[in-house]
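In order, the protein sequences belong to chains G and B. Residues in the first sequence are numbered from 537 upward in steps of one, following our numbering. Residues in the second sequence are numbered from 2 upward in steps of one, following our numbering.
No lab work stands behind these hints, which were simulated from the structure alone. Watch out, some of these pointers could steer you wrong.
[Said to hold, decoys possible] Here are the simulated distance ranges between beta carbons:
| hint | chain 1 | residue 1 | chain 2 | residue 2 | range |
| --- | --- | --- | --- | --- | --- |
| 1 | G | Gln705 | B | Phe93 | 18 to 24 Å |
| 2 | B | Lys172 | G | Lys703 | 43 to 49 Å |
| 3 | B | Lys20 | G | Ala563 | 48 to 54 Å |
| 4 | G | Gly754 | B | Asn57 | 49 to 55 Å |
Predicted model only: the values in this text are computed from it and were never measured. The beta-carbon is built from N, C-alpha and C at its ideal position, and this holds for glycine as well.
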Amino acid sequence: MINFRAILAIYNFEMARTFRTLGQSIASPVISTALYFVVFGSAIGSRIEDIDGISYGSFIVPGLIMLTVLTQSISNASFGIYFPRFTGTIYEILSAPISFVEILLGYVGAASTKALMVGIIILITSALFVDIQILHPFWMILFLFLTSFTFSLFGFIIGIWADGFEKLQLIPLLIVTPLAFLGGSFYSIKMLPPLWQKISFFNPVVYLISGFRWSFYGKADINVGISLMAISLILFLCITAVAVIFKTGYKLKA
Amino acid sequence: MSHVIEISNLNKTYDNDFKALKDINLSIKSGEIFALLGPNGAGKTTLISTVCGIVNPSSGTIRVNGHNVISDFRKAREIIGLVPQELTTDAFETVWNTVSFSRSLFGKPKNPKYIEEVLKNLSLWDKKDNKLMTLSGGMKRRVMIAKALSHEPMVLFLDEPTAGVDVELRKSMWEMVHKLRESGVTIILTTHYIEEAEEMSDRVGVITNGEIILTEETSTLMKKLGKKELKIDLRSTLEKIPEELLKYNLSLTNENQSLIYFYDTQEENNGVADLINDLNSSGLKCRDLNTRQSSLEEIFVELVNQ
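Chain G extracted, bound-state conformation (with noise of 0.2 Å):
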């Protein structure tokens, strides 16, 4: 039987911890994508010219919240795990009568939804500055929700294997935040240079924020198919990951 309470429990501490940092957890990523929109969308944006005909202070909505969606989600999920593991707290979880999957549950659930509200709120406050459309509606929705839990149980596998502080920010500052930048959040990659565009298929989020903006404005630089794909094979990768430190106890349990 599952044990429901158990999940809710961690789910709603962790959820507890988002309100009462919210400065740190909603403003934050806020007022720093609203800073995206002021330099480059209306400084910077006001000379640029349309990409595939969007104004692109519009262009850079979607890129903007997959963006913070991704590395939010990281951040949450990572620091989420990881925090009991270094205060020692994590022996209540271990000793209680809940299984992997339960704790897994809870955390990721908890992180996904943070990143989630935060995209929501970036979704709002973008369209203060510019006109935004949402031509499918239900696609950028699977699209968030995808993204977020996939990237929330990265996170999640990052908050095990790190050991200290420095691992912990270590993959999400030297290759996800990079990933991200050049996964077409500002731009097209139709506007880069044929190797470049080719390079450019090898970074994942750029399969993410194609699709996301498809689901917007209906244009993408990749089939929104392929998108869908290379997200479900990402959360593949990351299931089955998940899967092996749970049969292992990598790091949880000696």
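Fit chain B to the supplied structure of chain G, relying on the hints for placement.
Okay, now just chain B, sitting in the frame of chain G:
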């Protein structure tokens, strides 16, 4: 009395090939207080952690109230409460929230009345809205106990519960442990304070180098291995022990005014009567006589050194 915990042929070898537990066989009776004694690194915490699900066993079986801790982990764990050695708490949480969180983790519905009762019993009620980081070490220790009791466990593991706790708090914890036992909770504790085990436990297990070398009723152990010390205070100072008394292996203390004699309480002829006779024959006059039972600590050191 039925056994609430049954451990058979339990082994734990860590990845670095360190054998922390070697073929442990141990049964804990329902409702008893069992003290696990052993030097640092003996395997006490590993044994507790393995029963509680924090450490994976390499081989062997553990049953809690008949439930296998691996295949039937939910049933096994829901009746166990654990107070770990380290003071690990969520610094920013309030006492009430952290205790309620623990209860939910064990799948129990909210019961504010019960939580209130636990907090009151542990003198934490007036601190219920305080953040854990504002509490003293002793108070944090109580919070850990409250968390472990939050889901009404049948078995409570206390890993060094009074480490770093002042004498007053230690005594009140002893009282609390006795009260818990009266309510039917089985208690397994590890401790470095031997008098704690002596004072509280019904049975003692001694573990060293990952092996349980002895389990015994505390009182029986005291009788079986306990030696008595006879201290004879003399009226005058002695330069050396007289020839006729050398066979008793006496030691001279207290500025050569006292003789110490160790004897086995279990032996029929323990030599006390002969010693008194020989003392009189040698012309030595006694001022006073005292006897003292050897402490569990002395027994423990003797066992570990065997």
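Hint check results:
no. : hint                             : verdict
1   : Gln705/G to Phe93/B: 18 to 24 Å  : holds (21 Å)
2   : Lys172/B to Lys703/G: 43 to 49 Å : holds (45 Å)
3   : Lys20/B to Ala563/G: 48 to 54 Å  : holds (53 Å)
4   : Gly754/G to Asn57/B: 49 to 55 Å  : holds (52 Å)
In summary, this structure violates none of the numbered hints.
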